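Given next are the chains, with one letter for each unit.
There are 2 protein chains.
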Amino acid sequence: MDDIRFAVLGTGGIGRRTLEVSQHKDGLTAVAACDRNGVAIDHSGLDVDELLEATEGNIASGPADDPDMAADGGTATAETADGVKQHGEEAGIVASSQGEPTETPIDDIIAESDAIDAVLLALPNLEHDFIPRVAERFAEADYEGVMIDVLKRSRVIGMLDDREDLLKESGITFVCGAGATPGFLTGAAALAAQSFVEVEEVEIWWGVGLKSGYEDNRGTVREDIAHLDGYDIETAREMSEEEIEALIDEHDGVLEFHDMEHADDVLLERAGICDAEDVHVGGVLDVRSDEKPTTTTVSVTGTTFDGETGMNTFELDDVTSMEANVNGPALGYLKAGVRNNRAGHYGVFGPADLMPGF
Amino acid sequence: MDDIRFAVLGTGGIGRRTLEVSQHKDGLTAVAACDRNGVAIDHSGLDVDELLEATEGNIASGPADDPDMAADGGTATAETADGVKQHGEEAGIVASSQGEPTETPIDDIIAESDAIDAVLLALPNLEHDFIPRVAERFAEADYEGVMIDVLKRSRVIGMLDDREDLLKESGITFVCGAGATPGFLTGAAALAAQSFVEVEEVEIWWGVGLKSGYEDNRGTVREDIAHLDGYDIETAREMSEEEIEALIDEHDGVLEFHDMEHADDVLLERAGICDAEDVHVGGVLDVRSDEKPTTTTVSVTGTTFDGETGMNTFELDDVTSMEANVNGPALGYLKAGVRNNRAGHYGVFGPADLMPGF
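So the sequence lines, in the order shown, correspond to chains A and B. Under full-length UniProt numbering, the first residue of the first sequence carries the number 1, and numbering increases by one thereafter. Under full-length UniProt numbering, the first residue of the second sequence carries the number 1, and numbering increases by one thereafter.
These aren't lab readings, by the way, just hints derived from the structure by calculation. Don't take each hint at face value.
Because identical chains share one entry, a pair is satisfied inside a single copy or across any pair of copies.
Taking lysine to any residue and the SDA-like style, the derived pairs with C-alpha atoms no more than 20 Å apart in a straight line are [stated by the list, open to error]:
hint: 1; residue 1: Lys-168; residue 2: Gly-344
hint: 2; residue 1: Lys-211; residue 2: Glu-127
hint: 3; residue 1: Lys-168; residue 2: Asp-306
hint: 4; residue 1: Lys-168; residue 2: Arg-137
hint: 5; residue 1: Lys-168; residue 2: Gly-45
hint: 6; residue 1: Lys-168; residue 2: Glu-144
hint: 7; residue 1: Lys-25; residue 2: Asp-306
hint: 8; residue 1: Lys-211; residue 2: Ala-115
hint: 9; residue 1: Lys-25; residue 2: Glu-200
hint: 10; residue 1: Lys-25; residue 2: Gly-230
hint: 11; residue 1: Lys-211; residue 2: Val-284
hint: 12; residue 1: Lys-168; residue 2: Ala-343
hint: 13; residue 1: Lys-211; residue 2: Pro-293
hint: 14; residue 1: Lys-25; residue 2: Glu-201
hint: 15; residue 1: Lys-25; residue 2: Gly-45
hint: 16; residue 1: Lys-25; residue 2: Asp-49
hint: 17; residue 1: Lys-168; residue 2: Asp-42
hint: 18; residue 1: Lys-25; residue 2: Glu-164
hint: 19; residue 1: Lys-168; residue 2: Arg-342
hint: 20; residue 1: Lys-25; residue 2: Asp-275
hint: 21; residue 1: Lys-168; residue 2: Asp-129
hint: 22; residue 1: Lys-25; residue 2: Arg-270
hint: 23; residue 1: Lys-25; residue 2: Ala-276
hint: 24; residue 1: Lys-25; residue 2: Glu-198
hint: 25; residue 1: Lys-25; residue 2: Pro-101
hint: 26; residue 1: Lys-25; residue 2: Gly-344
Everything numeric in this text was worked out from a predicted model, so none of it was measured.
With the hints as extra help, turn the sequences into a complete structure.
What follows is the structure, encoded as C-alpha cells:
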C-alpha cells in the first residue's frame, strides 16, 4: 500500500500518542495536526518529536470541557458545540515551532485535505453530535478519504449513520469507535465469534491503571464517572474537579463499572455478530496505580454448528497500557480504512465491519 | 451485502461441513458442489440436507490419495496431478438425487461460474501445485469472483503468488489458507499484534480430538504425520494404512507436533506482522478421543510503543471442534473475500491481509 498521509485533529492524550505510535509504523506519515489554538501542516511530514516535546504537558484542560469526549483527555481542539471559537492561553500546538496560531484550525486542515489520505479525530466530543458535524464539514468540502474516531458512546454511531449519504457522496470512509473499546475489543469479539453459528453473549471487561496518565486523561475519567450508578453525563459534567477528587477518594482510587453505554453493542449488532443487548461492557479503573486492576478480556459465548456451547477468549497482557491498546488499533483500523477507501468503499464502518464476515 | 452464491469443490470432510455450516449463516446460498464422480448444480440453491445425507460416510478414501491435501479428509475431487481422470465407485455426490455423473467436474463448475460469486476449494492438494493450477483454470475461463482454500503448507502460497497477474487479470480474489490454522489463528495473531509496535514471536498451538471424525479425516492425519520427526511428505505418502495405524498405536493415539510447516509463517510475514521465522506452529492430535488434548491458543509476544514487552493471547474453548474452527472462519473469510472482490480488490490475499493493518 502506498504511503498514507494523515492528520490528527486534537493534540490531547489520544492525539499525541497517535502521532508517537505512528512513528513506529510503516507507511504512515503525519502531515497535519491541530488543536484549539493552532495548526501545524507539513506535507512532507511533520517533525513529530519536536511537536510532541513542545505540546507534552502543555495542554489546556479542566471542567470547561465537556465530559463526553473522545477519550482524549479533556483537551484538544478548538470549537465549542455552538460554533463559537474559544481562545485559550498560548498552550498546545502553537508552542511548537511548526505551529501557527489560527482561529479556524479545522477549516485550515480541510483547506489542505486534498493531500491528506486520512484524518484521525481525537477531539473532545463536546456534544454528542460534535464529531458527526465535523465529518459533515469535511463532506461539504468534498473530502475524499478516511475519517476515523475513537468514540465510545453508542448514540454517536446513529448520528453518523444519519449522515451516511452525505459521506458517501463525498467519498468518505468513516471508521467509528476504532480505539480500544470499541475497536480493538469488538474486532476481537467478531473474530472469536467465527467458531460459532450463534453468539449468545459478548462480555468485554477492561482494566486500566492510570496513575501516570491521570493528568492527561481527566476528561476520560470524568466520562467514565457518568457510567457509575447514580451518575449520568449531565451530573458528571457539572461536577467540579474537587467533587471528582472526593468521589475518587471515596473509592480509594478504584472505580468499577458495569453495563456501560459503549458502542461495542451497536457495532457488533451492525456487523451481524449478535444483538446489541447481548453485549456487556464493564471494567475497573485505578487512577492511583499504573498496574491494571484487572485483566482486559473479551469473552464470546456461542453455539457451534455441531451443537456445543463454548466460550472463546481474548486477553490483553496487563503490561499493555491503555495508550498502546487505543492508538495501535486506531492506526491499524486507519490503514484498513484507507484500503477500503481506495477501493471505493464509502460510508460508515464499525471496526467489526472490517473483519471477516459472520 | 447481497446474497452470496457459492460452490464447493470437493465433498470430503471440509466440503460437507462447509455446506452444513453455511446453512446457519445469513446471506450464503450453496449453488454447486462436485467431487471426483459428479457434480450438483442448482442456481436457486442446492438442497444441502439431501446432499449431505446422501454423501455422508459415502466417500472414497485411502492411500491412493495424496497426503498433502487441503485437510478435507483424503477424499473429494477428481483429477490426479497429471490431469488423468480417475473414476471411483459410485460413491460421493452421484449418490445424491441432485448429483449428475461427469468426467469433468471442475470444468462443469467453471462452465457455470458466471452465476457463482465464490468457490471454496476443499480439494485434496494432490500435488503442491494442484490448487494453484485449479485457480489457473478458473482464471483462463475469465472467472470473476472469489476463490478460497483452507491449505496449510507454506510453499503453496508462493505458487499462488506466481499466478497473481493471471488472477488479477481475470478478476479473481484468492484468499488462501482460510481454515483454522492458518486462517482463524493467523487472523487472531494479526489482531492481537495491534497492542505492539514490534512483534517478537507468534506461537500457535492447537489441540484436536478426532475420535468420531477420524474416518473423515484420514488424509489430514496422514498429512500431519509428515510433520513428525523422521517423516516427510514422501515417507508419509508411501505409508500403508496399516503402517499409519501402527504408528498411531505406538503413540497411544496421541501425536504431538512442533515447528510444523504451516503457512501461518509466510501469511503473517506478508501481512507485515513479523518475520516468518518468528512464527512457531505446533499442536497435539488425539485420534482416540473427541476431547481436545490441549487448548488451542495463539500467543503474540511484542513490545509496545512505550517499551513494555507483553503477550496477548487468544484461546478457543476446548468444546469447539476442529470442524467448527475450520468451516466457520472459511465462510467468514469467504464473505470478506466477496466484499473485497466486489470493490475490485483482485489477487492473492492471506487471512491476515483482511484484518486491520499493522
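Tested hints:
Proximity of Lys-168 and Gly-344 under a CA criterion of 20 Å is satisfied in both settings, with 9 Å inside one chain copy and 17 Å between copies. Taking the closest pair of Cα atoms, Lys-211 and Glu-127 never come within 20 Å of each other, the shortest separation being 28 Å inside a single copy and 58 Å across copies. Taking the shortest alpha-carbon separations for Lys-168 and Asp-306, neither the intra-copy value of 41 Å nor the inter-copy value of 37 Å comes in at or below 20 Å. In this homomeric assembly, Lys-168 and Arg-137 come within 20 Å of each other (Cα to Cα) only inside a single copy, at 13 Å, whereas the closest approach across copies is 37 Å.
For the homomeric pair Lys-168 and Gly-45, neither the shortest alpha-carbon distance inside one copy (28 Å) nor that between copies (33 Å) is at most 20 Å. Taking the shortest Cα distances, Lys-168 and Glu-144 sit within 20 Å of each other inside one copy (9 Å), while across copies they are farther apart (26 Å). Taking identical chains as interchangeable, the C-alpha atoms of Lys-25 and Asp-306 lie at most 20 Å apart only when they sit on different chains, with a minimum of 14 Å there against 42 Å within one chain. In the homo-oligomer, the alpha carbons of Lys-211 and Ala-115 never lie at most 20 Å apart, since the shortest distance is 39 Å inside one protomer and 59 Å across protomers.
In the homo-oligomer, the alpha carbons of Lys-25 and Glu-200 lie at most 20 Å apart only across protomers (15 Å), although the nearest pairing inside one protomer, at 36 Å, exceeds that limit. For the homomeric pair Lys-25 and Gly-230, neither the shortest alpha-carbon distance inside one copy (42 Å) nor that between copies (41 Å) is at most 20 Å. When the C-alpha separation of Lys-211 and Val-284 is checked against a cutoff of 20 Å, the pair qualifies only within one copy, where the shortest distance is 13 Å, while the shortest distance between copies is 43 Å. For the identical chains of this complex, Lys-168 and Ala-343 are neighbours both inside a copy (13 Å) and across copies (14 Å), given an alpha-carbon limit of 20 Å.
Taking the closest pair of Cα atoms, Lys-211 and Pro-293 come within 20 Å of each other only inside a single copy of the chain (12 Å); across copies the shortest separation is 42 Å, beyond that limit. Taking CA atoms no more than 20 Å apart as the test, Lys-25 paired with Glu-201 passes between copies only; the shortest distance there is 18 Å, against 34 Å inside one copy. Within a single copy, Lys-25 and Gly-45 get their C-alpha atoms as close as 14 Å, which meets the 20 Å cut-off; across copies the closest is 46 Å, which misses it. In this assembly of identical chains, Lys-25 and Asp-49 lie within 20 Å of each other by CA distance solely inside one copy; the values are 15 Å within and 49 Å between copies.
Taking the closest pair of Cα atoms, Lys-168 and Asp-42 never come within 20 Å of each other, the shortest separation being 28 Å inside a single copy and 36 Å across copies. Neither within a single protomer nor between protomers do Lys-25 and Glu-164 lie at most 20 Å apart by alpha-carbon distance, with minima of 30 Å and 27 Å respectively. Proximity of Lys-168 and Arg-342 under a CA criterion of 20 Å is satisfied in both settings, with 13 Å inside one chain copy and 17 Å between copies. In this homomeric assembly, Lys-25 and Asp-275 come within 20 Å of each other (Cα to Cα) only across copies, at 15 Å, whereas the closest approach inside a single copy is 35 Å.
In this assembly of identical chains, Lys-168 and Asp-129 lie within 20 Å of each other by CA distance solely inside one copy; the values are 18 Å within and 42 Å between copies. When the C-alpha separation of Lys-25 and Arg-270 is checked against a cutoff of 20 Å, the pair qualifies only between copies, where the shortest distance is 15 Å, while the shortest distance within a copy is 30 Å. Taking the shortest Cα distances, Lys-25 and Ala-276 sit within 20 Å of each other only across copies (18 Å), while inside one copy they are farther apart (34 Å). In this homomeric assembly, Lys-25 and Glu-198 come within 20 Å of each other (Cα to Cα) only across copies, at 9 Å, whereas the closest approach inside a single copy is 36 Å.
With identical chains, the CA atoms of Lys-25 and Pro-101 are never at most 20 Å apart, being 29 Å at best within one copy and 54 Å at best between copies. For the homomeric pair Lys-25 and Gly-344, neither the shortest alpha-carbon distance inside one copy (24 Å) nor that between copies (26 Å) is at most 20 Å.
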